[in-house]
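Asker: Here's the letter readout for the chains.
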Amino acid sequence: NAGVTQTPKFQVLKTGQSMTLQCAQDMNHEYMSWYRQDPGMGLRLIHYSVGAGITDQGEVPNGYNVSRSTTEDFPLRLLSAAPSQTSVYFCASSYEREGSPLHFGNGTRLTVT
Amino acid sequence: GESVGLHLPTLSVQEGDNSIINCAYSNSASDYFIWYKQESGKGPQFIIDIRSNMDKRQGQRVTVLLNKTVKHLSLQIAATQPGDSAVYFCAEMTTDSWGKLQFGAGTQVVVTP
Chain H
1 NAGVTQTPKF QVLKTGQSMT LQCAQDMNHE YMSWYRQDPG MGLRLIHYSV
51 GAGITDQGEV PNGYNVSRST TEDFPLRLLS AAPSQTSVYF CASSYEREGS
101 PLHFGNGTRL TVT
Chain P
114 GESVGLHLPT LSVQEGDNSI INCAYSNSAS DYFIWYKQES GKGPQFIIDI
164 RSNMDKRQGQ RVTVLLNKTV KHLSLQIAAT QPGDSAVYFC AEMTTDSWGK
214 LQFGAGTQVV VTP
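So the sequence lines, in the order shown, correspond to chains H and P.
Here the first sequence stands for residues 1 to 113, numbered as in the numbering used here.
Here the second sequence stands for residues 114 to 226, numbered as in the numbering used here.
Pulled out of the complex, with its shape left as it was, chain P reads as follows (with noise of 0.2 angstroms):
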């Protein structure tokens, strides 16, 4: 994600709906991507990973979609809830330097009811 200094995008979404969120990542080398969710006061907590060799990833209520050729991820949430209300974060890295996540920004979420 590209950094836009003290104010994350904020996507607001009605509860029950489905939330997109997307990220831009730099490197065309990372071959694997990670998305966080994190709440206030709290650390990121995982959600879903995909390695490069794949396009789609599918876990409880999420989906991660990930196009290489413009170097674009996304997380799509089913039947938002209140609870997902939080900022969440894509991460990036190549295996071959294993740990050496590089964040995006963050997108806040804010589920309405």
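With the rest of the complex left out, here is chain H (with noise of 0.2 angstroms):
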């Protein structure tokens, strides 16, 4: 039983680049969620979903997109990439109902020069 799992760890990319961040997870949650980390704040949340084919914004949406065509999967795309995007992103995922907490991948670092 992995848990969540993010892939890669680490990436560089150049301004204007596009790639996707990987999360699988293989717990059969219906939950997924997308968060970015920056240093000194909390974890924001950028998209979420509740079930294969159902997605919606978080809070920091903006130059971010996602799809759920499995329940396992929830890819991250960065279309047009920015400084503003260097950070590390947290993919989560969790039963959708109570007493069922978030559960995190390890993170994938990314920086954009």
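Watch out, some of these pointers could steer you wrong.
Claimed, not checked - Subject to a maximum C-alpha distance of 27 angstroms in a straight line, what follows is the list of computed DSS-like cross-link-like pairs (lysine-lysine):
no. : chain 1 : residue 1 : chain 2 : residue 2
1   : P       : Lys-213   : H       : Lys-9
2   : P       : Lys-155   : P       : Lys-213
3   : P       : Lys-169   : P       : Lys-213
4   : P       : Lys-184   : P       : Lys-213
5   : P       : Lys-155   : H       : Lys-9
6   : P       : Lys-181   : P       : Lys-169
7   : P       : Lys-155   : H       : Lys-14
Note that these hints are calculated values from the structure, not bench results.
Got two chains here, each in a separate frame; can you build the complex from them with the hints?
Answerer: Okay, here's the thing in structure tokens:
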């Protein structure tokens, strides 16, 4: 049981490049989400999904796209990377019910130059 | 918790002493609260949660207290150990908006021998 798996662990992009951050969970969780974490700050919600085919915006969605074609996978796409997107990105999942806290992956550290 | 920019509040605790980490939450409608521990280079790890119909919940060596009147949450760690050194985050949400966690800025706990 791997939990929440994120790839890659580290990535460097140039401004304007695109890339996809991968997230997979093997716990059959309905709910998945993406957060970003910046120095000295808590995590901020980017996008989330309550099930396959359903996605919605969080607090800081601009510059990011998501899709949820399967229960297991929830990729985050940066279409045109900007230096302001330099951050650590965390994927999380849970059952969509009380008493089921979010389980987080170990993050992707992204640097945009 | 309140954002303190790049510098996290730091709590220095002697090994074996009890730790108390405080958090002021912002949304009076929040009804589910979680404490997470984050070690360097890792994702947040669930510690304990509490619902708004409770004012205290105990786990193994940890206790969470909730005071809804003043919107205050605390995490008590008994007999603090070196492995407890980490950043601790409180997070809040409303269960009718499942998974949309609002995180505090975090508190750095340093355990000294």
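Asker: If you check each hint against the structure, which ones fail?
Answerer: Per hint list: zero violations.
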